[in-house]
Amino acid sequence: MIGFNPRAAWAIYVREVMRAMRTAMQSLLAPVLTTSLYFIVFGAAIGGRMESVGGVNYGAFIVPGLLLLTLLSESTSNASFGIYMPRFTGTIYELLSAPVGVAETLAGFVGAAVTKSLILASIILLTATLFVDYQIRHPILAVGYIMLVASSFSLFGFILGIWADNFEKLSIVPLLFLMPLTFLGGTFYSIDMLPDPWRSVALVNPIVYLVNGLRWTFYGTSDVNIWLSFGITMGFLTACVAVIAFIFKTGWRLRT
Amino acid sequence: MSEPILKIENLTKVYSGGFKALDDVDLQITKGEIFALLGPNGAGKTTLIGAVCGLVRPTSGTIRAFGDDLSHNWRSARARIGLVPQELSTDMFETVRRAVSFSRGLFGCKSDPARIEDILKSLSLWDKRDEQIRKLSGGMKRRVLIAKALAHDPELLFLDEPTAGVDVELRRDMWRLIGNLRDQGVTVILTTHYIEEAEEMADRVGVIRDGKLLMVDDKTSMMARLGRTEAHISLSAPMGEIPPEISEFPVHLAKDGMELCYRGGDGTGLGSREVAELTKALTAHGIDYIGIEIRESSLEDIFVGLVEDRT
Numbered sequence: 001m002i003g004f005n006p007r008a009a010w011a012i013y014v015r016e017v018m019r020a021m022r023t024a025m026q027s028l029l030a031p032v033l034t035t036s037l038y039f040i041v042f043g044a045a046i047g048g049r050m051e052s053v054g055g056v057n058y059g060a061f062i063v064p065g066l067l068l069l070t071l072l073s074e075s076t077s078n079a080s081f082g083i084y085m086p087r088f089t090g091t092i093y094e095l096l097s098a099p100v101g102v103a104e105t106l107a108g109f110v111g112a113a114v115t116k117s118l119i120l121a122s123i124i125l126l127t128a129t130l131f132v133d134y135q136i137r138h139p140i141l142a143v144g145y146i147m148l149v150a151s152s153f154s155l156f157g158f159i160l161g162i163w164a165d166n167f168e169k170l171s172i173v174p175l176l177f178l179m180p181l182t183f184l185g186g187t188f189y190s191i192d193m194l195p196d197p198w199r200s201v202a203l204v205n206p207i208v209y210l211v212n213g214l215r216w217t218f219y220g221t222s223d224v225n226i227w228l229s230f231g232i233t234m235g236f237l238t239a240c241v242a243v244i245a246f247i248f249k250t251g252w253r254l255r256t
Numbered sequence: 257m258s259e260p261i262l263k264i265e266n267l268t269k270v271y272s273g274g275f276k277a278l279d280d281v282d283l284q285i286t287k288g289e290i291f292a293l294l295g296p297n298g299a300g301k302t303t304l305i306g307a308v309c310g311l312v313r314p315t316s317g318t319i320r321a322f323g324d325d326l327s328h329n330w331r332s333a334r335a336r337i338g339l340v341p342q343e344l345s346t347d348m349f350e351t352v353r354r355a356v357s358f359s360r361g362l363f364g365c366k367s368d369p370a371r372i373e374d375i376l377k378s379l380s381l382w383d384k385r386d387e388q389i390r391k392l393s394g395g396m397k398r399r400v401l402i403a404k405a406l407a408h409d410p411e412l413l414f415l416d417e418p419t420a421g422v423d424v425e426l427r428r429d430m431w432r433l434i435g436n437l438r439d440q441g442v443t444v445i446l447t448t449h450y451i452e453e454a455e456e457m458a459d460r461v462g463v464i465r466d467g468k469l470l471m472v473d474d475k476t477s478m479m480a481r482l483g484r485t486e487a488h489i490s491l492s493a494p495m496g497e498i499p500p501e502i503s504e505f506p507v508h509l510a511k512d513g514m515e516l517c518y519r520g521g522d523g524t525g526l527g528s529r530e531v532a533e534l535t536k537a538l539t540a541h542g543i544d545y546i547g548i549e550i551r552e553s554s555l556e557d558i559f560v561g562l563v564e565d566r567t
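Chains as they are written, first to last, in the working numbering: chain W, 1 to 256; chain L, 257 to 567.
Chain W on its own, in the form it takes in the complex (with noise of 0.2 Å):
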């Protein structure tokens, strides 16, 4: 049936933007240490020593990077608990029973993600300032390549927190496979600097695109081909609304 409910969708969202507000320390300010520590080591204190790479100084280099590392793994972890914690502790019951579809549940859990990684992404810039000197060509286009990303990995979150049936397969994907993805994706260094075999191997990384995109929008350089940094971006984000949808409609993991 088709409609939307705009006050469900609001409830939601104002109830998970407050439960970031309640774990503020966890939420904002254990990822913006951690950013920070890389930007001590990577950027100012090994940074000093590197050369520069296609032209930018690498303390700058590596900041859409770690933007990107602490965007995917706080995006995918913020919506994936999101939904996983009524269906752990069985409040699920009442979004299940209300007038609430796929819509408005992704407006409020994924919209929320989004928000949250906003203004995580917004704090580690302006951390980035205190470390290293950068700049950024593409503004607009960076927001909306960060929100595209946040967007993507909440859904992506979304659905490893309906998938999820214990703590322990919450943490796996991200840690298993995301983190080491991440940091072979080009975070730290451009993927040219990789001899063959493994230049041609990190290009079947996803996140080098990603990765690559983001960088593109502050350098205006990039390893590979921005249109199909964004391509990959937009296929993933549509595949994995397609997946919510089917969770949704035959009812996977949600209803019995």
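Check each hint, because a few of them may be wrong.
[What the hints assert, rightly or not] Only some residues are given here: those of chain L computed to face chain W with a beta carbon under 10 Å:
no. : residue
1   : Lys269
2   : Ser272
3   : Phe358
[As the list claims (entries may be wrong)] In silico contact screen, one side only, chain L against chain W (beta carbon under 10 Å); selected entries:
no. : residue
4   : Arg313
5   : Arg334
6   : Ile337
7   : Leu339
8   : Glu343
9   : Met348
10  : Arg354
11  : Ser359
12  : Gly361
13  : Ser367
14  : Lys404
15  : Ala405
16  : His408
Keep in mind the hints are simulated off the structure, nothing from the lab.
Where a beta carbon is used, it is the ideal one built from N, C-alpha and C, also for glycine.
Mind docking chain L on chain W? Use the hints.
Relative to the frame of chain W, chain L by itself:
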């Protein structure tokens, strides 16, 4: 009879493991009534509620609420249905007022602090409005769940074991609340283990076992149809056999002829009248007795009888 507010036809639910929780259930609920669904653990009560409220996907059958088929037009119907679950499931770190306001928004209602205040006051929760739910007692948490279910002023309210694990005082409060809801025109469907609860409040009673609805009837009719009176008359001297003067009564002898047992009536007072007639007949025919113990069967006896008959 008014138009049914809820109409369930041929509802079957088979879980993925093959367990049949509901087996071809038919049920109609009339607007404004209080319906009690009785059944032992695992009978299918919660599954039935879950199927109507969107928590359980039926395997087959149709559910119509307010005239709408829930498999298609679920939005408008769900906005008019409230559910109080059996488990104390709520965001424990949220405050009472915010939790209830959230529920109102979730069901598409405009924010209304005055209405939330009314609901919290009616459930004696107003003083606790800014407390985190985790700090409340079990009884208070259950009240919060009821407040959340009432936040959008539902016309049809499901209460799944509303008084499970609550003290007597709170149970009485709940009954009063349900009575008030009925006065306001809310249709209430409750599941319970407490027969007393059904006896006290329900207009109609349904008995479910192994996913099958064994009986649905008006409470008074059910009592009349299946209710019985039992009388045990202790005789002063043993009786060898039932004398013809009292053979028209449904009686038999027990305790080596020292006790005359009557079992009959219909749950509407017929049994008591017949026992009175029986004692008069005994006196008239010089049969002396030294004591009478009389007991009307309760809804519980009927329930136990129904469930055991099919074991």
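For each hint, the structure was consulted:
1. Using the Cβ-Cβ criterion of 10 Å, the hint placing L:Lys269 at the interface with chain W is satisfied: the shortest such distance is roughly 9 Å.
2. About 9 Å separates the beta-carbon of L:Ser272 from the nearest beta-carbon of chain W, less than 10 Å, and the hint is met.
3. Annotation: interface hint on L:Phe358 holds; nearest CB of chain W at approximately 5 Å, less than 10 Å.
4. For the restraint placing L:Arg313 at the interface with chain W, the shortest Cβ-Cβ distance is roughly 5 Å, inside the 10 Å limit, so the hint holds.
5. Proximity of L:Arg334 to chain W holds as hinted, the smallest CB-CB distance being about 4 Å (cut-off 10 Å).
6. For the restraint placing L:Ile337 at the interface with chain W, the shortest Cβ-Cβ distance is roughly 7 Å, inside the 10 Å limit, so the hint holds.
7. Using the Cβ-Cβ criterion of 10 Å, the hint placing L:Leu339 at the interface with chain W is satisfied: the shortest such distance is roughly 5 Å.
8. Annotation: L:Glu343 was flagged as interfacial toward chain W, and the flag holds, the nearest CB pair being 5 Å apart, inside 10 Å.
9. Interface restraint check: L:Met348 against chain W, minimum CB-CB distance 8 Å, threshold 10 Å, status holds.
10. Taken as an interface hint, L:Arg354 checks out: its beta carbon lies about 8 Å from the nearest beta carbon of chain W, inside 10 Å.
11. Nearest Cβ of chain W to the Cβ of L:Ser359: about 6 Å, under the 10 Å cut. The hint holds.
12. At about 3 Å, the closest approach between the beta carbon of L:Gly361 and any beta carbon in chain W falls short of 10 Å, and the interface hint on this residue holds.
13. At about 8 Å, the closest approach between the beta carbon of L:Ser367 and any beta carbon in chain W falls short of 10 Å, and the interface hint on this residue holds.
14. At its closest, the beta carbon of L:Lys404 sits 7 Å from a beta carbon of chain W; the interface hint therefore holds under the 10 Å criterion.
15. The interface hint given for L:Ala405 holds, since its Cβ lies 9 Å from the closest Cβ of chain W, which is under the 10 Å cut-off.
16. Given hint, L:His408 at the interface with chain W, holds; its Cβ is 9 Å from that chain's nearest Cβ, closer than 10 Å.
Hint compliance for this structure: every hint is met.
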